[in-house]
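2 protein chains.
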Amino acid sequence: MPQTPHIEKHFTAGEAVRDVVIGMSDGLTVPFALAAGLTGAISSSHLILTAGFAEIAAGSIAMGLGGYLAARSDAEHYASERQREEEEIVTVPEVEACEVRDIFKTYGLTDEESATVVEALRKRPQDWVDFMMRFELGLEKPVPGRAWKSALTIALAYVVGGLIPLSSYIFLADAHRALWVSIGVTLVALAAFGAIKGRFTGASMIRSGLQTMVIGGLAAAAAFGIARMIS
Amino acid sequence: MPQTPHIEKHFTAGEAVRDVVIGMSDGLTVPFALAAGLTGAISSSHLILTAGFAEIAAGSIAMGLGGYLAARSDAEHYASERQREEEEIVTVPEVEACEVRDIFKTYGLTDEESATVVEALRKRPQDWVDFMMRFELGLEKPVPGRAWKSALTIALAYVVGGLIPLSSYIFLADAHRALWVSIGVTLVALAAFGAIKGRFTGASMIRSGLQTMVIGGLAAAAAFGIARMIS
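Quick mapping for you: the protein sequence lines, in order, are chains A and B. Per my numbering, residue -11 is the first one in the first sequence, and the count goes up by one each step. Per my numbering, residue -11 is the first one in the second sequence, and the count goes up by one each step.
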């Protein structure tokens, strides 16, 4: 693949960054909203911390294991599809060659125009399988060991994110005072996180920071309102 | 694209299904684990319901808005990359043609073998842009209106999933008794959800059901343990 600047720009958001974003987005938002929501119903910081830590434990494990299973199932899906393509290239090469022509037909190319590429691929079975995996099925080769790394990164990012809004409840016994500190600290953290995320995904840092802050704020406000209503 | 059986099989997992899976996986797991965890520290069903509903509100909004922004940012990314490709095909056609040759080179094809395809694409600028979007950048055209639909589907699935483990706390005032009912109901729901998910993603239904049940159980057990420890 050519390394032109506009490709590189978008690929700086690697898979580890994506995992940190997944974990920290929810980690900063949900425990914050939960603690804020409970402060509408409970005045003891201790109970709110109990709920907050229980949520961090539940959320980080659920998200981490979810990430693990998603990566594992991607890898298994890739392996089984690859094996199928490898068999088909041997057992029904004409059908597969026809599929290559069909791919090019969707881009307006005639059979004559794609003929040399089809013939060239037929001479190189491994490259042909690679070609079908990417261009027919749209599947990327998974990185080995990715599932565990992904799970740990997501879970750790969730824990780090979740501890930020809870920190004020650790130091302030009065939940209502802790809430105001938590709101301030978390909104700043959300804005900073959103800005850094924007930097990696190529979006505007200011816009991404504001958007991320608004999400956390909305989720917390809704949770606060609902907890007030039912208590 | 050719509609061979092995493609169709995997594409039954449409985007709406994926959104339901995203929302319900977390919806069934996190409120369940939180309620179970709090039952280790609090014996009033009412307080646990307060925390549970606050968590459902926070989690569904955070996940729904997260899904909305992800879909929006995919669409914006696609549009900006497409515009860039359209410009480059006009301003630096030689560079772009070279990029097409480079793509084929990664599959072992010589410049001579890919020449006819390169020439054919140069005659059809729109198809050429489509080709570059998919084969150089690996980007799929986003569906219009997808962002809102995605957000609502994820949020609703989260709410539905989250109400299942909380239902027993609504009917049983004693949190410890409610917990046992909640565990039973939720493990059954997790297994059923996992099995249906497996049906759509092409995995084994039994294995997927068991895996999903184990995740929920582990997350809940950890949350339970942590809430006990700090209370």
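In short, the hints are calculated from the structure, not lab data. Even glycine gets a Cβ: it sits at the ideal position worked out from N, Cα and C. Any given hint could be a false lead.
Under the rule of at most 30 Å between Cα atoms (straight-line distance), these lysine-lysine pairs were calculated in the DSSO-like manner [said to hold, decoys possible]: (1) A/Lys93 with A/Lys111; (2) B/Lys111 with A/Lys137; (3) B/Lys137 with B/Lys93; (4) A/Lys111 with B/Lys137; (5) A/Lys93 with B/Lys129; (6) A/Lys129 with A/Lys111; (7) B/Lys93 with A/Lys111; (8) B/Lys129 with A/Lys129; (9) A/Lys93 with B/Lys111; (10) A/Lys129 with B/Lys93.
If you only want the chain A side, here are some residues facing chain B, beta carbon under 8 Å, derived [to be verified]: (11) Leu26; (12) Thr38; (13) Thr189; (14) Met193; (15) Gly205; (16) Ile214.
Here is what the structure says about each hint:
no.: 1; hint: A/Lys93 with A/Lys111; result: holds, 21 Å
no.: 2; hint: B/Lys111 with A/Lys137; result: violated, 46 Å
no.: 3; hint: B/Lys137 with B/Lys93; result: violated, 40 Å
no.: 4; hint: A/Lys111 with B/Lys137; result: violated, 46 Å
no.: 5; hint: A/Lys93 with B/Lys129; result: holds, 18 Å
no.: 6; hint: A/Lys129 with A/Lys111; result: holds, 22 Å
no.: 7; hint: B/Lys93 with A/Lys111; result: holds, 14 Å
no.: 8; hint: B/Lys129 with A/Lys129; result: holds, 21 Å
no.: 9; hint: A/Lys93 with B/Lys111; result: holds, 14 Å
no.: 10; hint: A/Lys129 with B/Lys93; result: holds, 18 Å
no.: 11; hint: Leu26; result: holds, 6 Å
no.: 12; hint: Thr38; result: holds, 5 Å
no.: 13; hint: Thr189; result: holds, 7 Å
no.: 14; hint: Met193; result: violated, 14 Å
no.: 15; hint: Gly205; result: violated, 10 Å
no.: 16; hint: Ile214; result: holds, 4 Å
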